[in-house]
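Chains as they are written, first to last, in my numbering: chain V, 1 to 440; chain Y, 1001 to 1499; chain C, 2001 to 2252.
Warning: the hint list may mix true and false statements.
Derived EDC-like pairs: lysine to aspartate or glutamate, alpha-carbon spacing no greater than 16 Å straight-line [stated by the list, open to error]: (1) Y:1472 <-> C:2089; (2) Y:1364 <-> Y:1436; (3) V:359 <-> Y:1436.
A few chain Y residues facing chain V, derived, Cβ under 10 Å [claimed, not checked]: (4) 1063; (5) 1067; (6) 1071; (7) 1248; (8) 1283; (9) 1414; (10) 1417; (11) 1424; (12) 1426; (13) 1429; (14) 1439.
Since the hints were made in silico from the structure, they are not lab data. Note that CB positions come from ideal geometry on N, CA and C, so glycine has one too.
Next come the chains, spelled out residue by residue.
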Amino acid sequence: MHEVSNATEKEHYIEAIEEMASQKTPEWLATLREDAAKRFAERPLPHRKLEAWRFTNVNPIIRNPFQPIAESGVDQLASSDVHPLLYANDWIELVFVDGWYAPKLSRNAGPGGAAKTAGLHEAIAAEDDLVEAHLGHVLGDGGNVFSDLNTALAHDGALVHIPKNVELDRPIHLVFVSSKTATESVIHPRVLVIADANSEATIIESHVSLAGEPRYFSNPVTEIRLNDGARLTRIKVLDEGPQGYHLSTTQVRQDRDSRFDGFTFSMGGPIGRNELNIVFEGEGAECSLRGLTLTEGSRLVDNAISVEHHAAHCNSWIGYKSVLEDKSHSVFCGRVYVAPGAQLTDSNQLNQNLLLSDKATVNTKPQLEIYADDVKCTHGATVGPPPQELVFYFQTRGMSQAMARGILTYGFADEVVNETPLDPVRDRLDRRVFDKYSPK
Amino acid sequence: MGTTDARPEAGKYTGSRVEQSNREVAELANREYKYGWETSLESDTIERGLNEDIIRFISEKKNEPDWLLAWRLKAYRHWQTMSEPTWANVSYPPIDFQQQRYYSAPKRKQQPLNSLEEVDRELLETFEKLGIPLEEQKRLAGVAVDAVFDSVSVATTHSEILEKRGIIFCSFSEAVLKHPELVQQYLGSVVPYSDNYFAALNSAVFSDGSFCYIPKGVKCPMDLSTYFRINAAETGQFERTLIIAEEGASVNYLEGCTAPMRDENQLHAAIVELIAMDNATINYSTVQNWYAGDEEGKGGIYNFVTKRGICKGVNSRISWTQVETGSAITWKYPGCILQGDNSVGEFYSVALSNKRQQADTGTKMIHMGRNTKSTIISKTISAAHGNNSYRGLVQVMPKAANARNYTQCDSLLIGDKCGAHTFPYVEVRNSSSAVEHEASTSKISEDQLFYCKQRGIGPEDAISMVINGFCKEVFDHLPMEFAVEATNLLSVSLEGSVG
Amino acid sequence: MLEITNIHATVEGNEILKGIDLQVKPGEVHAIMGPNGSGKSTLAQVLAGNEEYDVTEGAAHFLGEDVLDLPAEERARLGLFLAFQYPVEIPGISNAYFLQAGLNEIRKSNGLGELDAMEFQELLREKMELVAIDPRFADRPVNDGFSGGEKKRNEILQMAVLEPKLAILDETDSGLDIDALRIVSDGVNKLRSPERSFILVTHYQRLLNYIVPDYVHVLFDGRLVKSGGKELAYELEEKGYDWIKEELITAS
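Construct the entire structure; sequences and hints are all you get.
Next comes the structure, spelled out in structure tokens:
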């Protein structure tokens, strides 16, 4: 056995956990946090020999003693600072600053509409039964050492509840902003989404920083429960600041005939990791997971996806793309697990990588673990430069090689953007991709 | 330290022709493992356990030079610092390495052996029964064979013809004595003793194996082949194969293996090292049919093997083709280090897991030189309670400009108790390289079976036809006789797995 | 030769055939026409013994034997051949090998000796000539990478080699251009004999210009609702299947 002592690296977190335990909390929450604290103490921090972290070096995060954050920097922000991050007047947009819900900066939130949205802290204080029933239970034993840390320390976040048969007519946008106040701090945003039977909604989750280049570690956890026939689209935009480390865990549990459409855009932050775990618990459930990773400099992005088929007749589709420049590094691990009895599973997985530099590194591991026989599963991965024959074709039409490569790169990346629903979100992403790659 | 005359219990094979043929008929009817009998033979077998004295004993037994003993001891000491790997997708009870025997050889009437006539009759019969006649008049034309029985090589055929062209093909022990400079230069150069747990163990205790050297510019006029037979009980087999193809040389090498049916598991931890210089080609084919254990998972060989080739020279090529139908557990990843510019590595594999068999197998392709190319075709078939994992690494280093890899892994499932898993690792660090990986898993198609049946073909034949079609791309890379054998093996191994 | 009485069949619980009666005598060519979804292909698959379909009622006798309890390969060995609407691909197995395996099984069960590779090659060459098929077909994997037309022609070649007593051609004409259709029907016509019967399952009358049937039946909603001579096909072509529908409604 490979033993790694993390005692020193864990010390400041354990102190924070103890501090947290001294605060007055409802009993169920105290138990939830204690269990998570125990798991955190037992699980090793990432190192090279742990399969899940083999290619993802998070030492810069582990070795830096990021401190718990005392208070939010919301008072130092004006509405005008936050406004450019929002999308539309009639959308439900909840803003969180340094992990704390900021009602003043938010709009259309609250229990009034067809769906309920609230700050998690206030929901707990208001003894919302939904939170007690689901918080921590969607995640269960899943996740990783950092999601345990989140469960043990999360103090605020968002609660979203879409009641039965509600087809929400406007998107919900959750904006997590890190401000200068977050400097040298760790924040643990927590999101709980409950979609009741046959409901339908779209949620955007943005992670950004404002005001200078604070150095911080964001450690969000999102739990999503889709009941029978529920349909949810979730768009995650990871766009932390140049010193904003981000290790996130999203856990989705799907009941019968539910559908999850996930989009993950990773474009900012020195180290970003999106762990996304889907568990099919009822027959006929489906998910489509799309991702686009754009890296440059020495940035590292890791997408760790797991789809577990525990019921028959479920379909999963995974399509992730990366574009790498400079010395950047993209890691993809897609694991599709088909449990005994999960017959008639249809699963597709494709990871495509465009390497624009000799110093960049791609690690891709599309995996299948199959214990049922009546299945159709495929996976694929490609890594390479823009196809030379296409570049040549452009050249014969009078374009320079650089121009050809730029156009091809834009086209490669924009394919994922084009599939994104909601015009304002798509337009913003498209602009971003266009500015980054289109020939100047 | 002494030897025990361990005479194995009365073998199932009595030598009587009638009984033998009765047995064969019965075997055919039951479609059991065909090679499960054992040879009753006096043998030199050492006591159980492993320590430095055992290693000294093995080395002395083989009259080895001091440097080799020193190397073995270094490997042993390193092995003691290592722990058994646990990352493979296989499970088995812990192996007590002190309960194994590390040397067993058929007792020779006189030493040394000068000609084949002096080889024990029973040994010759054993190999003849396995389809590998060693005697002059019966030899397989066009294939030179090195026959390895437990820990030693018993005979090598056709070596005179080969000698005329400067080709060395002999047992590893003989090579150590006659060509020490070559052995010393290349031994451990591709698979260092520190490579992994089982490689270290092998390096400490390896007993025999084959050695092959093709000089500059020589195309080997016949296929070379080693046939491995485990006979003695409770004995591990640790052979080494070393093949060197000098500039412009080429060789086809075939390897076959069988073992008796026993209730205890037996350990086989081999090492194969291939070295291809400029413009050289080595094709290495394996049909692995070690005893797989019974339906309950009792007995069978633990096949923990390290095989690696290095394409050292420009335009060199190494091709691995394997058909893995036997063994209780297979753990093996024949790989290629593509160092020379324009070098080519290939891996074609069929792995079948039936009964309670577990296979974790695949390849490593390490692209270092420019314009290097690799192709990986893996076909796995899982039936009954078998579990099959493809595990492969494709690594493109920063200097490997224009490297190309194509990987295709297909899995076929028969029955709902088996498992098929795919664990590819792709790492690319060069932007002009292209790596492509495709994989699919599906059950055997009812449509195909119905179509065959509609043309008058019975259900079992239909299944074997569909499976052979599934494996064709791999079988195409085997020499004719091996391809036929592989086809037969697959249908026998799958017998009764389809309801 | 073939006698079907009151066959009912279901697939995944849905009743597709709702009582079919049909008699085919040696040498006869019967065409079964009908709109999409009427059960034409189901009838063909049921006769060939596809286990995906459950026969819930009725009987089928082929050469006097009750075939419904026989597995598909036994029916094939008796001389019943189905040209598939969607011929199946078997990668890695050559056409020649596949056909030799099938033919020898059929020969064995009829008390004939097996053909060795040489004899079979000779036979295959002859048959390929007969149905005007490129000899290179022999070495290509069964239907793998074939165009739609090539697959259909390959079915005819297989029929020529296996020499069945009754051949059911399931929409062999669909998707064929006029040249391919001519090749396919020439092949069939060459194989017509007083001992061999055919059932042509088709949606279009077009095929019947080339292979002239003795009888035409209309299959509608799982039943044979109308039978007649070849002129019925022309009538159908002219008036369409709605005509049948209307007739049925007026009748009831």
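Numbered hints the structure breaks, given as an ascending list: 3, 4, 5, 6, 7, 8
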